[in-house]
Every structure is written in C-alpha cells, then in structure tokens.
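Enquirer: Here are the chains, one letter per residue:
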Amino acid sequence: MNLIEITVVLIYAFFAGGTASCFRSKNPAKLLLVPVISSSAVFLGGIAFLIETRPENTVLLFGGTLIIDSLSLLHILLVNTIFLITSIYTTGYFREKIKCGALKASYAKRFSILWQTFQAVLLLVLLSNNIGLMWISLEATTIVSAFLIISDAELSIEATWKYLLICSVGIVFAFFGTMLTVAAARGMQSSEGVYLFSYLSANADEIDPRLMLLAFILVVVGFGTKAGLSPMHTWLPDAHSQAPTPVSAVFSGVMLNCALFCIMRYLPITEAALDFDGQARSIVLLCGFMSLIFAAVFIPIQSDVKRMLAYCSVEHIGIIAIGLGLGGLGIFAALLHTVGHSLSKVLAFFSAGSIADHFGTREMKDIQCASHKVPLWGNTFFLSCLVLMGVAPSAVFMSEFLLAKELFFTGKYIILAFFLLGTLAVFFSMLRYTMLISFGKGPKEQGVESRGRRVDTVIVITCLLLLLFLGLWIPAPLSNFLKDAVSIIEKGATL
Amino acid sequence: MLTVIICTLILVLSGLLSLTLKRDHISFKHIIPGAIATVCTFLLIHIIIDYKSVIASSFSAFFSWQLPFANLVFGLDPLSVFFLIPMLILTVSSSLYGPRYFDKHPPGHKHWFFFSTLVAGMILVLLSRNAVMFIISWEVMSLSSFFLVISDKDKDESVQAGWLYFITAHVGTAFLFALFFLLSSTDGSFDFSSWTGITGRKSSVVFLLALAAFGLKAGFIPFHIWLPQAHPAAPSHVSALMSGIMIKMGIYGILRVLTFISPYQAWWGFLLIALGALSGILGVLFATGQHDIKRILAYSSVENIGIILLGTGMGITGVAYGSQTVAFLGFAGALLHVLNHSLFKSLLFLGAGAVIRQTGSGEVDHMGGLIRTMPKTALLFLTGAIAICGLPFFNGFTSELMIYVSCLYGSIKEPQAALAMAGLCTIISLATIGGLAATCFTRLFGTVFLGEPRYSAITPQKEIPSMMLWAMAIPAVLCVLIGMLSYFILPLLTGPVYALAGSTNYNTSGIKSIALTSSLVSGFFLLSGAAVFLIMWTSGKKKVRTETVTWDCGYSRPAPSMQYTSSSFAAPLIRLFHFPVAMKKHLSKSDDLFPASSWKFFSAVEDWFLTGIYTTIIRSFDRAFSSLRWFQSGKAGQYVLYIAVTVICLIIWKFYL
Amino acid sequence: MKSDLLAWVSLLIIVSNLYLLSSSRLASLIKGVAFQGILLGALSLLMAGHSASYHLIFLAILSIAVKGILIPFYLSKLVRGVKELRDANPVIGYSLSMFIGVVISCFAFYILQKAPFVHAFVSVFHGASAISTAGIGLFLIITSRNVIRQIIGFLVFENASFIFGLSIALYQPLFVEMGILLDTFAGVLIMVIAAKRILTVHQSISVRSLERLSK
Amino acid sequence: MNLPEYIISPLAALLLSPLLAGIINRTKAFFAGRKGQHLFQVYFDLARLFRKDYVFSKTTSWIFRVSPVIIFTATLASTCFVPFISSGTRISFAGDLVLMLYLLALARFFLIISALDTGSSFEGMGASREAFFSVMTEPVIFTCLLSIMRANGTVSITEALSAPMLSDSISVLLSALPLFFVLLAENSRIPFDDPNTHLELTMIHEVMILDNSGPGLGLLEYAASVKLWLFSLILGRILLPSTGMSPFVQTLILLAIMGLIAVVIGTVESVMARIRLIKVPQMLFGAGVAALLGFFINVTKAIPW
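Protein chains in written order, with this note's numbering: chain A, 1 to 495; chain B, 1 to 657; chain C, 1 to 215; chain D, 1 to 305.
Just chain A, same shape as in the assembly (with noise of 0.2 Å):
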C-alpha cells in the first residue's frame, strides 16, 4: 500500500467515522458541525492527492481499481471544495430553524449521514477505473440523494419522485452502455482488463468500432440524464427547485459534473476505437446545444429562482458539452468553466436559497430589492449570476470567450451563432430576474433587515475574487494542469 492508497483510505475512514457518530449524537447544531469536519479533512485529503500524485500525474490504486489522473485530481478538488463550502453554509442556513427549534434531530441526523455518503460515492465515482464501479457509485449517488431532496413538503415528493424514476432510467440505459463497452473490447488479445478504463484507452484500437459507438450512444444518453443533458434533463428543475439550498448547490455544483465526467472517461476510448472520425465528439456536441437551446428557451418564463437557476446548469452543462465535443481548445474551455461554473452557481444557489428563506418565497416577482434587506446574499445574488451569464472579467467569460473562439475556428458559425444567441437569451431574461430581485422596487427606508454571517461573507469573497482572478489570469501551473487533464480526453490535443 502506498502514500496516495493510503490517503484513500483515510479519506473513507473519515466518511465512515463522520457518518458512525452522527448516529449517536442528538443535538441538530453538532450534527451540522460533523459534515463540515469530514469534508474539511477530505478537502485536505484532496490536497494530498495533488502533491502525492503530481510527478507521475496518473496513478492507479489498489490493482487498478482506482485511478488519479489530472482530470479526476481536477474533479475531486472542486468536489471536495464545493462539499466543504456548502457544509460550512449549512450549519449557516439551519441556524435559523434551529434556533426556533424547528428542525428535528431526525433530520438533522439523516441529512449530516446522507451528505457524508453523498460525498463518498461521488468520490467513487471520480475515483473509479472500473467501468462497473464507476456506473454503481454513480447510481448510488441517486439513491442516497433521493433522501435528501425529499421533505414533507408535497411538491419535493413530486420532485423526488421524478429524480428517481428519470435518473434510474438514464442510469440503467448507461448500464446498457457500459455492459456494450465490454461486449465492445471482448475481441481484445486479452480480456483480462476489459472493464479498465487505463487498459481500454491504451488497447482502443482493438476495440470494436460499431458497437462502441453504440455503447457511447447509451453511455452519453444515461450518464448525460444524471448530468442533465437536454432533453433528458427535465427531473432536474424539479429537484434543483424542491431540495433543500444546500442540495440544490451540491446538485448544481458537483454531481452534475461528476456525471459529465463519466462520459469524459468513455469519449477518448470512443474516439480512438472510431479512429478519431468525431463521431463520438458530434453526439457530445448534438446534447450540448439542445441543451443550450431548452435552457434559453425555459429561463424566459421561469417564476421560482431556484427553477431558474436549474435551467442555468442545464445552460451551461450544455456549454460544457459542447467543448468536450469540440476537442481541443473546446476541452480546455469546458474544464475551465466546470470550474468556474460549479464556483458561481453553488454561490448563486446559496443566495437565491437565503434571499427566499428570508422573503418566505421562492416566486421572483415577490422578492424585491433584496441587496437593501438582506445585503450579503443580495448582492452576491447578482454577482454571482452575472458571472453565471458570462459577464467578464470572470473565469466564466474567459472559458466562453475560448469555446467560442474554437467554434469559429473549426468552422461551426451556425453553432457559434446559436451559442451566442442562446447566451443572449438567457442573458436578456436572467438579468431581468436578478435586477428585480436584488435592486427592484420596494421600500427602500427600511433599514438592513439580516446580515450575513461572517464566515459566509469570506466564503463568498474568496469564491468572487477566485472566479475574477481566474478570468483574469490563469497561473502557469494551473495552466498547465488543465491541459494535462485535456491531453487525457484527447491526446494531443492542440491548444
């Protein structure tokens, strides 16, 4: 066993020890506090893959089960982020309930289990070098979260009933998909690897084309359902908008990546096993501007906040998409705006979620002029989301400013067009939205209604400055992580 295994090991320690004394504790206000403790130490624990893990850049563990590249390294650090922030929000956006003695134990118990189980297996799911392994622990992922978005509110049941029926139907598709990955590459010399991601994408070109490309077909259409790929993504309004905030931001921020990530891992195999034809890139590219398009097509006539900012994931998991099935500089850009996206929105979501809390609403036309009543959320409301519509300089910008580059460049000017206007679209609806709501009218001599806390306010800093200086500048060493992560997904790739 060596360093990093170890570190793996100490990272499922942590989940299982977190997860072991919330079972006995009673006290919702501890309970919250377990979370942000296991995922401070994953976060660290994530830190330790980075430098354990930089000189080779790819590393499997435990006989291949398990892999570390630059592309899972970048995923598990936003996940572990993502996880650590929104646990600190959380203990933030119960205080009130708590306080008030509305929120049971029971609750409190469940979701601090479920949320350190959620975080786990979507860590498998980045972890994974097997291709089983990697569809379980995504499927996972919806069972365990199911219990999170449900609550006795009717409409979550709805929601909940949705997420599950949808996502388990995508997700059994994929499992079609992944089965025909290996039915694909059981001509290969040796089957002893076949459901090994690295012996796969070394061993492509044995595999067999035509039934790979029909594997990817169900892989994309599967995995693209959980990563709300238009038009599989219709659970995910419903769940975004019924969750709980912290949910919500989770959903938005991390596992819809992750599930992109899975069809990350199966676009390469593809690609090399069609003799790099595109095929697999078109079908990528097909789901990303759908996505793109449904998304500015349903933000107009949103009324929830939450609702819309769920079409906003669609919007830019679509424009994520369509960078993975640009190649090249169109990858860079995509893993650039995961990042920047997953930031901005779990921001965004944090927001929208407090500014309803405190107005009583999730309907955007009864919230006003919220950067008056409660400033902090308020006004990060509308920072957020002006990243999130791809105002520079942020890093979002700076990742669409690529994609669109890279679509003129190879030539795709109806796509380039459309993404523009799609961009507009939602641009033109979603500033309306978040004016209205963060400096609308309404009683303005009334004084500041709710502070924020201040560890929220250096949360939201950091995040704002981060995804500024990311639009600004991207570091050298950050740089060249990320085209290691390219050069994963497409081998020499030109950027």
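Incorrect hints may appear among the rest.
[What the hints assert, rightly or not] No more than 20 Å apart at the CA atoms, straight line, and that leaves these computed lysine to aspartate or glutamate pairs for EDC-like: (1) K196/C with D275/A; (2) K109/A with E5/A; (3) K26/A with E5/A; (4) K543/B with D45/D; (5) K97/A with E449/A; (6) K584/B with D365/B; (7) K541/B with D53/D; (8) K512/B with D45/D.
[To be verified] Here are some, though not all, of the chain A residues that point toward chain B, as calculated from beta-carbon distances under 8 Å: (9) I4; (10) W161; (11) L165; (12) F173; (13) L213; (14) I217; (15) V391; (16) R432; (17) G440.
In short, the hints are calculated from the structure, not lab data. All residues carry an ideal CB built from backbone N, CA and C; glycine is no exception.
Given chain A, work out where chains B, C and D should sit, using these hints.
Expert: Relative to the frame of chain A, chains B, C and D by itself:
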C-alpha cells in the same frame, strides 16, 4: 507608458480603498475623488508635455499571461492619445463635481469604486493592443458604468434603464466576439499588430460587424435605445462621463478597426453618412420632443454621434475616391467633434445636474427663470448650449466647419458625381441638424433658465457650491478656447488622421489657414461686438432705464403658467415631422357636466425604435418561447419517452443516416 | 438441449412482458413481474450451467429472492393500502398495448439480425428477449397513469438490463456484479418507499397529483 | 480709396440697407394707391429709436440686454463675406460660406432666447416659429449657394460671388428663385410673415422684439435691415451679368438690381396674402427641391458621360 499603467493601477487602488471604508466616511467627500482628480491631472500633464514620446510608446507584459494565446500588450498611438486627453479632462472635472453633487443623497460607498474602475477600464480600452485584453477592458467599462447607472436607488426607473443598458452592452460584446474572431482568422493571433492587410469581402464584413459591435456603445440610431434611458438614471457627473467620453469609445473602436482594413470601400462611407444623417436628424428631433432635461441631452448625444459619423463617412468616401483633402478634413472634423462634443456635452450634463440638484426635478416644463438664482450656472450652461449648436467662435463650430469644408471640397472640386452627392447630402443633413439643434437648445435654455418660474415649489433659492462651478468651468473654458484658437489643436489631429487616411503626405497648410482665418474673424467679431457694446454703454449712461412688466397685450393678469412651455415651443416642429417622431397625447377627461377637477393633458414623444421595433421583436420571441412550455409538462411518463426517443434518434442518426 | 431451454425461457420472458401489458389489475401486474423475476433466476441458472460459473448461481438465488419475492411482497403491501380503484388504467388501451408489445418484440428479433451487437448475446432469443423487455418496460413507464405501474415498468426495464448483463457477467469481478445488483435492488426499493410516501401524502397513487411542477 | 472688401461691404450695408426697406414701403404704397412714407423714413425711425430711453421688463435678465448687440454685430459681420465692390482684398477661405450662415444662426439664437427671456407667451410663440422656419431655410440656402460655388469651381463663397457668375439661365433661375423664397422667409416678409404687424396670425419677427425699446429696438431693426440687404446683395450678385465692366459700373448695376429686388419684394407683398403656417414648409420644401435640381444640373454638366 509605464506611467500611464501605474496611474491606472493607482486609480483602481483608490477605488478599492473606498470599498473598505464606511458608507458615510469623510474621505468620500474629498480624499478619494481628489485622488482620482490628481492622478488624472498628473497623467494629463505627463501626456501633454511628453506628447512626442508618449504617442510612440508600447509596452509588453512583464509576466506571461497564461491563456493559450493572449498576450498582455499595451500601446499608445496618436489615435488613442487623442481619446485619452478628453477622457482625463472629463474625469478631473466630474470627480471634482461629484462629491458636492451628492450633498443631499450620499451615494453608496461603492460609487467611487465603480467610478474609478470605469475610468481605469476606459484607459485600458485605449491602451490594449490585444483582443482579449480589449474585450475584458471593454466589459469592465460597461460593467462599472452599469453599476453607476443603477446606483441611484431612489429612482425605480434606474433599474429598468440599467437593464436596457447592460443588455445592449452585452449584445455589443457578442458582436465583438465575432468581429475579433474574423479579424484574427488569418493567422490566429489576437494581437492588434498582426491584423493588417485585411481586404476584399472580408473587410466589408469586418466593417459591418464593427459598426454593430461599437455602434451599440456609440449609440447611433438604431442602436441608441439605451442612451435616453441610462443617462437620466445615472448621477449627473456620471452621465457627463458616459455621454462625454464613454460612448466615444464606440467611435474609437470603429476608427481602430478602420486602421486594420484597407482599401476602404466607398459604400462604407455612404452607409456611415446615411446612418449619421439618420441619427443626427432623428436624434435632435427626439430631443426636441422630450421633457426631461437629461433625456434631452441624451438624445442630443445621439445627434452628435451622428455628426461624427457624417465626418467619418466623408473621410472614408474621400479615401475611397482618392481625394485626400476630403478624407483629411472629414476625419479631422469627426475627431475634433469627438473632443468638442465630450467637452460641451459634459458641461451641459454637469449644468443639468446643477439644476436637478437645486430643484429636485428634471422636468423642464416645471422650471423657469433659474437665471436669477443661479446666474453662474446659467452662463456656463449657455456656453455649452451655444457650443453644441455649432455656432461660431465656440468649439462646436470648428469641428462642424471642417466637416462642411470636407463636403465642400467633395461636392465642388471633385469630378466624381458620387462624391459630390455624398458631400451634398452631408451638407444638407448638417444644415438641418444645425437648425434643429438651435431649436432644441434655445428651447431648453429658454424654458429652464429664462422667463418666470412656472412652479414656485421647485424654484431654487441659491447658486450651487463653487466647487461644482469650478468643475463646470473647466470644460466651458476649453470650449471657448478651442473655438477661438482651433489652430493649436491641429497638431493633435494630424497623427490619428494620417493613420486613418492611410497616408502621411497630405499638406496641412490649407486646414491651418482655415483655422487661422476663423480665429482672425472671431477676433474681429469680438472687437466689433465690444465696440458696439461700448457705444451702447457710453450712450446709454445718460439714458433713463424704466423697469416694468412684460408687455401683456392688454391682458391684466398674466400668470407664469401662461408662458410658452417647451412643449408648445416644439409643437410646430414635431407636427411637421410627425412621421418619424409621433407625439403621443394623453388626455384624462372627466365626463361630468360640471367637472370637479381640471382635465389633465400630457404629451410626449415616444421613441418608436424602442416601443415599436425592439419591443415587438422581444414580444414575438416571448410568445414563441411560451408556446414551447408543453415540453416541460410535468408528466414523468412523457419525460421517459424523451429519453427513449433520444436513444432511438441518436441510433438512427449514427447508424442509418 | 441447454440452448433450447435457454430459448424457451427467453420466450417465456417475452410472453410475461405481453402479459404485463395486458393485465388490468395491479395485483396481476405484481404477479406477472414476480413471475418474470423467477424466470430471470432460471435464466441465470441455465447460463451458469452453460459456462460453469459459480457466481451465476449466487446471482440466480439473489434475483429470485429479491425480484421474485421481496419486491413483489412490498408492492402488494403498498397496493393494499390504496383506497381508490386498484386498476392499471394505462394511457393506451390494453389491446393496442398488446399489439405494440408484439411489434416491439418482433422488431427486437429483426434488429438483432441487422445490428452490430448480435455477438454480444449468447443467442438470438436471449438478445431479443432483452431488447423486447427493455422496450416494453419503457412502454409501461411511459403509458402509466399510476405510480405502481411505473415502478413495475421500471422493474421490467431493469430486468432487461439483468438479461443483458448476464451475457457479460463473466468478465466482471464479483464485487462489481454484486454492487450492480444491490444498487438496482436498492433503487427499486427506494422507489417503493417513495411511492408509499406519495400514497400517505396524496392519498392516491395516481400520477396526476405529481404533475404540478411544470414549465 | 483702396479699402479692403471686408470693410467696404459692412459699411455699405450700414449706410444703404435702410434704403431697401424704404423702397419696399414706397412700392407697397404705390400699389395701395397711397403717397407713402419718405424714402429715408427708416433712417429717421432708427435715429429716433437711438435717442430714446430704455424700458425693460422686470422678468428679463442680462441676456435680454446683451442680445441686441450680439445680433447686430453678428448680422453685420456676416456681410463681410459678400463682396460689394468686387475689386478689394477679401477674406476668403474654404468654408467662409459656413461661417457667414452660422453668424446669422448665432444672431437668430440670441434673438430667440432674448424673446424667451421676457416670459411672454406671445414672444415665445414668435420664437418657436422663428426656430421652425430656420430649420427649413438653412438647407435651401446651402444648396443654392453650393451650386453657385460648384459652377465657379471654388470652395469660398466670397470668391464665388465676386467671380463671373453662372453661364446658363436655367442654373441662374434654379438658384435665384429658391434664394428669393428664402429671402422672403428669412426676412419675415409676406407670404411668410407680415413685417408690419405683430398680430397673432403673423407673429414671428415683429412679436419677438415686442418688448425691446429704445436703442435696443433700434439695433434689432437695424440688424433686420442689414440682413435684408445681405440677402438682396447675394441675389443681386447672382443675377449680375458677367461681362467685362469696370468695378464702378458693375457696382452701379448691382445697386440697380438690388433696388429692383426691393421693388419685387414690395410687389409680392402687395399682391399676395400671407399663407397659412402649415403651408410654409411645403413652400420652402419646393424651393429646396428646385435648388437641388440646380445642383444636379451643375454636377451632371461636369461629368464626362
């Protein structure tokens, strides 16, 4: 060069400093605006003294900018310095003006932060020599001005205005994307220095894209819709900065793109002349129909951008037909008008701000007779009003004269009929614009400052603080100086004009003689005016002066509300141009035989570009989007069907097509 | 002989699919799906004999226990709590559903001749049963008007993945196999729990009460 | 006696311009069958006004007091660019046309704001109409003078007006006729305005100076007659036959033509009624079309087809 960058950094830092302070901290009154003004003054002096070395400087990054292509390249050339100078002047005057303007309504502590980032963004737009750098600076500029527009939270319409403004700015950025991609498509580089020699059909596309991308910022018709909304909403010194120089960044962009493409096509010039005539005439007509003082000024900015386009159009046409005189004078007039308009428009906006600050209202028809309580403001405002009408011996005249002379050369000296027609059209448009502008500004000045107060409730008691007056005096003095001594401004013009006209062998003696002669005439005029005045004065000393009421044609009780209002003043004109500027009348009747309350009548000129064209487009999109709502029907079975259909479609696509 | 049996079982699975399409009572639906679960166990037993693999036997036992007994038991317990008419009540009528089911099954045989993935299956019957089960499972979900039938549809759809997975099972380590099974079982169980929640909150299993989140 | 042109022309305007008004008045009197006032009556009126005291409205500000001086000076200065005796030194530069017309616009600007300064609704109405007319006259003047400049191939109006004039009668007609209309409109003559009254129907120029008195009114009246002189002079210059005459004879003929123009103005005023205000734009638009036609003819002549 390094000085400029360091000063920009200091600007941003002082803005950041203001973020850390409490809302009502004392330093907002003096230190931070003072620091901004000092930095800009220093920079201005540096540029003027070191002009020769500044215009040729460039600067590459001292650290590599890690994006796959972008380099941090700065540069200054005569063209950008020409825009930098008025920008710095205006910043100085509006940062001096700002603190006292807010005496009654202190702004949020973010105000000066966004103010400084706006200035820094504009400087960086002028400095950047790389497309990515340019777009980012451009967005910083738009973003901070957007925040400044919505910073006045007492007005509900400022949110609406900010929204409209930011939408147009963002649409412009989308066009910028396309423009820069097209420009860089030859060798994939985003450095301005590599963008040369773009010809043929591609250059025409580049030109049209530039027109759309930068036109949305410059605000000529039909891209003007945000201007009349955003300017009234912003605090006045911000409107001064925005209308004075920020919209000129759009002009800068168009001119900058013109330096990348050659040879010019004549039809670009015709297009610009058509657009210029359209926005010139319609802009001033809309202005004449408005009631809000700042909205009038905003529409007048549309008009002046139109004049600048007319000059640029003549310049392009001149180059295309090989007439150097026409080209040189056209470009020179356009550029000089950029400088001039920035001066007098900021002066007028600051004056309007003074009026709004003292009366608490922007409604022109409620004012009157302000000249008695605010004589100095009135004098400064009058200076701006005369200058903006392009009347002689003020700066507006000098630039319009250059464009006129360019047209005269084009329509008289050149054999090509097309050039002659272009010149004639420009002259007719300019003449019409001149007449209309005179109407508009006599109306504005007359209604606000002259006559009797129409509503005693909003009549101010005293003059504005002297700091604000000094801030207004800076552009006012420059307006007069440039008007009288335009000769000395010419060296600034030659550099950018050479770059635009694409040749450096033009003999500038002709233009110099025009400038000299008009200076002489203005001196002669001043002397003879003084002589007449002296004669009147000396002869008038012995005469009796009687004060009485205005002749009332026998009516014994004239009331102030019987005065001609601005609406009635504009009525004949609006009625004449009822096609492009429809007057909407609202009459609230009471149907009783003996009405208890008086009928209320209200008339306004609606901007049918906004209410007609753009709103219709958006509505139709909205309808189309709403008709797709069935897709997300809420039925889980239907959603599963989507998944199945997607699989089948993808399989058919990949295997059977 | 063994491949003959395999073909018969596969055929029986298709027949059970058609039975599910035609049954109008929820109770008979549950019975049908339980029967199908047992058929799956038989299939994997046959496969085990086919390739002499011990863990397929384990799989067979597990699937009979969970799919044939456990889940049907929970489902029927759930149905007993339903106050309204315990009718399947699909969107598309039973005869037409049957017809479509037959078309899907025929199409499955047809497509297996053409498609590139024929050699992924042990036999044509095996493959056709997988595809037909998948199609009919989806069809059941899509046309359902109540939650129970949707669960059953999903169960059928998942059975297809089981049939499909059987042909590839040999190449996976055991823990992956077990994980897959447990995951799907857990998924269905959670659906049942969610359906119970729906029943307690809405007093109904109709999906009409689950259509409020739209646009 | 070799004074430069830019001194002679204003001097001539100062000395002779009231005479034009006198001629018009006599013509009108002739048509009315009256004996009419003295030919120099305008001089007497002006002298009387300059001797009078001031009466100012309490509403007015310094704008009202300063305006007459600016209006007078600007109008007078604009005469510098039209040669009276075409032999002296001139100030001519490219674009002097613009300066000349914009000086008139400057005068008009101050006339309008001084009218608004009184706060009277009558004067406001006059100011509004003055502004309204100017919008339509300016393009017409520009076009007329442009075709003359095009025919002479010079970019300076001073050069163009002192050099040999248009060769063919069509061009002469197409620039002179619109210019005559503009003359009538700009100088508040019938059929655009009635110079004799400030009654409501006609209130334009006369109503704007309603509150002026004494020397101020004198300056404004003087400026009005200088403006009339300026337009007549331009028209006279266009109509002047271009034969090789001595400057003295030429000036005499010019004066005769201007006298004739005054008679024509008087005749028009006697035989026509004032047209309705809404018809004014149509009339001026017609004049503009004629001027454009003249310019097109000039342009097409130069093009080698």
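Enquirer: None of the hints should be skipped; say for each whether it holds.
Expert: Evaluation of the provided hints:
1. K196/C with D275/A: Distance ~50 Å between K196/C and D275/A Cα, so the pair is violated.
2. K109/A with E5/A: This hinted pair is violated, its Cα atoms lying about 30 Å apart.
3. K26/A with E5/A: 34 Å, violated
4. K543/B with D45/D: 18 Å, holds
5. K97/A with E449/A: Holds, at about 17 Å.
6. K584/B with D365/B: Between K584/B and D365/B the Cα gap is close to 17 Å, so the pair holds against 20 Å.
7. K541/B with D53/D: Holds, because 10 Å separates the two Cα atoms, which is no more than 20 Å.
8. K512/B with D45/D: 45 Å, violated
9. I4: Result: violated, 28 Å to nearest chain B Cβ.
10. W161: 7 Å, holds
11. L165: 5 Å, holds
12. F173: 6 Å, holds
13. L213: Nearest chain B Cβ about 6 Å off; hint holds.
14. I217: 5 Å, holds
15. V391: 6 Å, holds
16. R432: 6 Å, holds
17. G440: At 6 Å from the nearest chain B Cβ, G440/A passes the 8 Å test, so the hint holds.
Of the numbered hints given earlier, the model fails hints 1, 2, 3, 8, 9; all others are met.
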